[in-house]
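J.: Protein chains in written order, with the working numbering: chain A, 12 to 555; chain B, 12 to 555.
What the hints contain is simulated information worked out from the structure, not anything from laboratory work. One or more hints might be untrue.
Since the list gives no way to pick one copy over another, a pair counts as held whenever it fits inside one copy or between any two copies.
Derived SDA-like pairs (lysine to any residue); straight-line CA-CA distance at most 25 Å [stated by the list, open to error]:
1. K415 / M12
2. K543 / T288
3. K397 / L31
4. K541 / S473
5. K357 / D277
6. K357 / E55
7. K357 / G333
8. K147 / M12
9. K357 / R311
10. K383 / G54
11. K147 / L13
12. K390 / A181
13. K357 / L31
14. K357 / R50
Protein chains: 2
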Amino acid sequence: MLGMMQEQQLLISSLLEHALRSHPQSEIVSRTCEGPIHRTTYGEMGRRAARVANALARLGVMHGERVATLAWNGYRHMELYFGVSGMGAVLHTINPRLFQEQIEYIVQHANDQYLFFDISFAPLVAQLAPKLPGVKAFIAMTGRAHMPDADIPRLLCYEELIAGEPESYAWPRLDENSAASLCYTSGTTGNPKGVLYSHRSSVLHSWSACTEDGLGLSSGDSALLVVPMFHVNAWGMPYAGAMSGAKLVLPGPALDGKSVYELMRDEQVTMALGVPTVWLMLFRHVESASLDPRAQLCLRRVVIGGSAAPASMIETFQQQFGATVLHAWGMTEMSPLGTICRLLPKHAALAPAERLKIMTKQGRAVFGVAMKITDDEGKELPRDGKAFGHLLVRGPWIAAGYFKGEGGDILDQDGWFDTGDVATIDEDGYMHITDRAKDVIKSGGEWISSIDLENAAVGHPSVAEAAVIGVAHPKWQERPLLIVVRKADQELERGAMLAYLEQKVAKWWLPDDVVFVDELPHTATGKLQKMKLREQFRNYSFPV
Amino acid sequence: MLGMMQEQQLLISSLLEHALRSHPQSEIVSRTCEGPIHRTTYGEMGRRAARVANALARLGVMHGERVATLAWNGYRHMELYFGVSGMGAVLHTINPRLFQEQIEYIVQHANDQYLFFDISFAPLVAQLAPKLPGVKAFIAMTGRAHMPDADIPRLLCYEELIAGEPESYAWPRLDENSAASLCYTSGTTGNPKGVLYSHRSSVLHSWSACTEDGLGLSSGDSALLVVPMFHVNAWGMPYAGAMSGAKLVLPGPALDGKSVYELMRDEQVTMALGVPTVWLMLFRHVESASLDPRAQLCLRRVVIGGSAAPASMIETFQQQFGATVLHAWGMTEMSPLGTICRLLPKHAALAPAERLKIMTKQGRAVFGVAMKITDDEGKELPRDGKAFGHLLVRGPWIAAGYFKGEGGDILDQDGWFDTGDVATIDEDGYMHITDRAKDVIKSGGEWISSIDLENAAVGHPSVAEAAVIGVAHPKWQERPLLIVVRKADQELERGAMLAYLEQKVAKWWLPDDVVFVDELPHTATGKLQKMKLREQFRNYSFPV
Chain A
12 MLGMMQEQQL LISSLLEHAL RSHPQSEIVS RTCEGPIHRT TYGEMGRRAA RVANALARLG
72 VMHGERVATL AWNGYRHMEL YFGVSGMGAV LHTINPRLFQ EQIEYIVQHA NDQYLFFDIS
132 FAPLVAQLAP KLPGVKAFIA MTGRAHMPDA DIPRLLCYEE LIAGEPESYA WPRLDENSAA
192 SLCYTSGTTG NPKGVLYSHR SSVLHSWSAC TEDGLGLSSG DSALLVVPMF HVNAWGMPYA
252 GAMSGAKLVL PGPALDGKSV YELMRDEQVT MALGVPTVWL MLFRHVESAS LDPRAQLCLR
312 RVVIGGSAAP ASMIETFQQQ FGATVLHAWG MTEMSPLGTI CRLLPKHAAL APAERLKIMT
372 KQGRAVFGVA MKITDDEGKE LPRDGKAFGH LLVRGPWIAA GYFKGEGGDI LDQDGWFDTG
432 DVATIDEDGY MHITDRAKDV IKSGGEWISS IDLENAAVGH PSVAEAAVIG VAHPKWQERP
492 LLIVVRKADQ ELERGAMLAY LEQKVAKWWL PDDVVFVDEL PHTATGKLQK MKLREQFRNY
552 SFPV
Chain B
12 MLGMMQEQQL LISSLLEHAL RSHPQSEIVS RTCEGPIHRT TYGEMGRRAA RVANALARLG
72 VMHGERVATL AWNGYRHMEL YFGVSGMGAV LHTINPRLFQ EQIEYIVQHA NDQYLFFDIS
132 FAPLVAQLAP KLPGVKAFIA MTGRAHMPDA DIPRLLCYEE LIAGEPESYA WPRLDENSAA
192 SLCYTSGTTG NPKGVLYSHR SSVLHSWSAC TEDGLGLSSG DSALLVVPMF HVNAWGMPYA
252 GAMSGAKLVL PGPALDGKSV YELMRDEQVT MALGVPTVWL MLFRHVESAS LDPRAQLCLR
312 RVVIGGSAAP ASMIETFQQQ FGATVLHAWG MTEMSPLGTI CRLLPKHAAL APAERLKIMT
372 KQGRAVFGVA MKITDDEGKE LPRDGKAFGH LLVRGPWIAA GYFKGEGGDI LDQDGWFDTG
432 DVATIDEDGY MHITDRAKDV IKSGGEWISS IDLENAAVGH PSVAEAAVIG VAHPKWQERP
492 LLIVVRKADQ ELERGAMLAY LEQKVAKWWL PDDVVFVDEL PHTATGKLQK MKLREQFRNY
552 SFPV
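Isolated chain A (complex conformation) (with noise of 0.2 Å):
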């Protein structure tokens, strides 16, 4: 027997419908590639998103066609994410990081019929355009006074673009399961893959993101959106924007500590999200400016995400800004919403460092995404914060799969995908990322954390960098080689870092050796490059 509910549909549309019914006159910021301040709300924005829809369907865009964006966070984006997956079609939002190759690939597998960019990207637009001949026109983000004069084919300007349309569109009553959106995973190996997300779980995924437990978005708060536009919707903050009613702050292409440190004083800031590099680069800001973000900010909350926050950037914020660190994970392939780190009424009575050591964990799912852990056999692991396993998520806004099926079933038979960690669950449900499945090391049927041992080896004062690779042992199947580089002008061998790493580790997680070598091998944004280094190391064997 079915409940006697109306039958309404989750839609992005909604989310906008929403926005201009109950905050119409609520505050969008940007700063803009144009170079000034620009503001309007989200009134303007949604009788504008309707002017995008509006175009878009002259040009003949039809449901479930892509149209991509090469953008920074700004209020055009806005209008773009509202009017793009609006109107039916889906937004594939690309990531200007990615090398020139992946660039074209992604746009040639998505079908891109249309590709909006700004006009900082006007020379890799110029660049790519020649290698693109599916794209219908290339629309430069702009007014005509600061059209780019890049040699550009089939070149169109955004502001005419729109300029004659009505303020107003029929949003399409679509199936809440419809594609919205599309973002590319920059994976390590093979080509990017896509995925597709849907009315239905960009609208959960806000709600989520509006909860006090999640990220806590609301109607009080002025958000600036560090993370950005181009990498899985902003951390779905768009969205989440429009529902709540939140002011929004959009720091276009200056991302330095100055720039951001001016956003967050002039516009009351009270929540600000992004990775860890962009606040190293504020706090350098700080220091040298010699600020005082306590008396300047009304900073109340910071979301880090991206990769794990330092256990000295959370005390930082707490000292120095007075905002609380709300330590995230997620991944693309989850909207990218999964855990949350805040505390527990009952860890008010622990002392500051025992609840610090709490902070730096990934912390609790939110409602909508399940975790468990499992051996290799798929067994589930218990939830007593000690075993570890491979971490496998649920939910209504998790990857099925890839766009156009690329790398086949994700899912297991009950549904659960691999994230590719491993990870710790305690009785409250804190998750902690200890390893990634393929760098963790097999001993002997136990499992060895790279990471723990590589955070316990650069504790070492003569340490400046370095990495732990499981290599084949004929007893023990693998066992950890400790990779070290030192720092200039020091003195280490062998036998002094085992010793100090015997008094950090327990005895059979001590490397079998340790190797001393110039450098390491990292990717372009700085990530330690493992597959390198065990190609390097593939005839590298323990001396007996």
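Based on these hints, arrange chain B on the given structure of chain A.
T.: Positioned in the frame of chain A, the structure of chain B alone reads:
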């Protein structure tokens, strides 16, 4: 083209599973009918809910069949919330304050298979049982030691029923649109009508309750549900509790000021929800016992709904308790959450009296509830805070019809449900109810609010109570008639009354006549019966 997200159904059992994984140790504290305070956790509640489901399955309860409760707020009622709906049956919560004939009617209308009851309702059940041959068993929600000795046929003991059952249950993967619970409205005319909530509507509603702009329920809260679980699922809080992990405090049958205050104090209650009546009892207790709530309690928010929160109540909570009132509005047909009144950042600069004026409004629609006001022809009226018209709502947790089709089609062709209220909506989306549609006076095409006139009239020091009804008028269609009960030993005549009103309302709103009576007709719950008044004054005609 569909998105490629996982097909996860939103189910009551998914709320329970989340609670078991993420916050099994969060508390549920109940004042019991048997006397003592009972403490349990979501973990234990979930295991006992599984026992309930196993017991019902053993009794032969099928998907979609109704299982009734006649119970206060308590842990066993929570177990039934999750056990009954989780296993695919429909939880029918019965309001014990209905007339006995109405209860008989709805149990029969719902075809309830089993009826669970708190022992304080044993005398009522003894009277009901002979009239309810379709109910297969009456289950007293207690252990053997406290079984009632009332004459109840087919009587079972709750603890014995579930004692031997397993602590887990393979919760069925239902369609999320399946019926989950049933609640009858106690309309002023005709038989009660059933609102049939779905799993989907209950889960979406919970998300809304957990958003910061909703009720903001979170793992940091200790929430006292004075609002009864037999009425619109205690405003959805049992579900939202499982979603968030908030500690729940359930007051059982003891709703007097002293009992409520002691629970607030002893359980560190941060948030409390209830109707104005219970808060008046609380205030009286605080006053008579000379208590200092600000010092003794940690109450931060009070949600007031059911009827309008008077300004003085909002002020008392602010000043004496240091708590913010969230004025909420909804209906049984709306699950019930429709609007919440909280201030926006821009209101911080207002004078306290101006802020208070906003807080007495019903508030802004949560995402998921669309609202509009229309004239008699269905034309939408402006959102200017002045125009008032029929309040229509639409959304995924709003009824599409009543159980078994009673009352016929209740939505217009665009899917809007007419609330029967008359309201204004302002530019920021704040809705303010000015009258019931059937009570508003239609004078020459314009509307006059009977409630506004009544409120103005009772401002006169000699008036004990006042009612305004519309009476047929040859020229204006209807004109207001003011009916007044004087305070004891007070003199007040027509001329003085009208002269007083002249200073308070627009000239064309002035009643055409004033009639003095000894008393006004009321319902059992104290509401003015305007229908009876209209009956009484059917043959009245205005002085020429």
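J.: Hints first: check each against the structure and report whether it holds.
T.: Results of checking the hints against the structure:
no. : hint        : result
1   : K415 / M12  : between (36 Å within a copy, 11 Å between copies)
2   : K543 / T288 : within (24 Å within a copy, 71 Å between copies)
3   : K397 / L31  : between (49 Å within a copy, 19 Å between copies)
4   : K541 / S473 : within (22 Å within a copy, 86 Å between copies)
5   : K357 / D277 : between (37 Å within a copy, 16 Å between copies)
6   : K357 / E55  : between (45 Å within a copy, 19 Å between copies)
7   : K357 / G333 : both (21 Å within a copy, 23 Å between copies)
8   : K147 / M12  : between (49 Å within a copy, 21 Å between copies)
9   : K357 / R311 : both (21 Å within a copy, 18 Å between copies)
10  : K383 / G54  : between (42 Å within a copy, 17 Å between copies)
11  : K147 / L13  : between (46 Å within a copy, 24 Å between copies)
12  : K390 / A181 : between (50 Å within a copy, 18 Å between copies)
13  : K357 / L31  : between (41 Å within a copy, 18 Å between copies)
14  : K357 / R50  : between (43 Å within a copy, 17 Å between copies)
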